[in-house]
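Asks: Based on the hints, put chain B in the right spot on chain A.
Each chain, letter by letter, is given below.
Number of protein chains: 2
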Amino acid sequence: MLKLPNPCYAVIFTSQRRPGDEGYAAAAERMAELVKQQPGFIDVRSVRGADGLGITVSYWASLEAITAWRAQAEHAATRERGRAHWYAHYELQVVKVERAYDWQSEAAGTGS
Amino acid sequence: MLKLPNPCYAVIFTSQRRPGDEGYAAAAERMAELVKQQPGFIDVRSVRGADGLGITVSYWASLEAITAWRAQAEHAATRERGRAHWYAHYELQVVKVERAYDWQSEAAGTGS
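Chains as they are written, first to last, in my numbering: chain A, 1 to 112; chain B, 1 to 112.
Just so you know, not all the hints are guaranteed correct.
[Said to hold, decoys possible] Computed Cβ-Cβ distance ranges for the label pairs, DEER-style: (1) Ala61/B x Glu22/A: 34 to 40 Å; (2) Leu2/A x Tyr101/B: 21 to 27 Å; (3) Gly20/B x Met1/A: 20 to 26 Å; (4) Asp51/A x Gly20/B: 21 to 27 Å; (5) Lys36/B x Ala71/A: 36 to 42 Å; (6) Arg83/B x Ser62/A: 30 to 36 Å; (7) Gly23/A x Ala76/B: 42 to 48 Å; (8) Glu29/B x Trp103/A: 18 to 24 Å; (9) Ala71/B x Glu22/A: 44 to 50 Å.
Note that these hints are calculated values from the structure, not bench results.
All residues carry an ideal CB built from backbone N, CA and C; glycine is no exception.
This is chain A alone, in the form it adopts within the complex (with noise of 0.2 Å):
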């Protein structure tokens, strides 16, 4: 369950794969280990599906640090080959969450 601070922001990423995988799948974990080494990390939630349309949510305690991200050096490389061979197009937005829900099945037990 995820545990928002207040305030908190977020950065929306919505991108289109290319074919192939030309490196992602193995930066894409680097960058997964990476992003929880930054201060004001929260936490992550990313799916693709199968035509590979993907959305990524990263949660930040603030847009300092979401910056601060965004210049990260190796961060900065990897988007560079991102641009170069992995994506087709992509969008993102940097958010302010103004409120937040959960719910969670009472059949579903403890298991999320």
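Replies: This is chain B only, laid out in the frame that chain A set:
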């Protein structure tokens, strides 16, 4: 390409499906039609992965428009079906878009 007004709000809906359709696909298609008729609706992006985790982001012109969609009768009834049959758990955040970017590969042509 996503054209967002300023101000712009969004709803991030992250959900884990239970196995089995149980009327989900038809209801999802109906909701996708219905939401387009709501005042203040801008656009929507939706992805579900093979493991049943999904993220849907809908974009709105105001918080009032989001509240009105939440209260829409058929949507509310469908939400109850979702809790009863389709979802193990979900998270929802209402957010305000602070900044937005997009990028498209020149190699990808005009096919977005």
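Asks: All hints are to be evaluated individually against the structure, with a verdict given for each.
Replies: For each hint, the structure was consulted:
no. : hint                           : result
1   : Ala61/B x Glu22/A: 34 to 40 Å  : 38 Å, holds
2   : Leu2/A x Tyr101/B: 21 to 27 Å  : 24 Å, holds
3   : Gly20/B x Met1/A: 20 to 26 Å   : 24 Å, holds
4   : Asp51/A x Gly20/B: 21 to 27 Å  : 22 Å, holds
5   : Lys36/B x Ala71/A: 36 to 42 Å  : 38 Å, holds
6   : Arg83/B x Ser62/A: 30 to 36 Å  : 34 Å, holds
7   : Gly23/A x Ala76/B: 42 to 48 Å  : 46 Å, holds
8   : Glu29/B x Trp103/A: 18 to 24 Å : 22 Å, holds
9   : Ala71/B x Glu22/A: 44 to 50 Å  : 46 Å, holds
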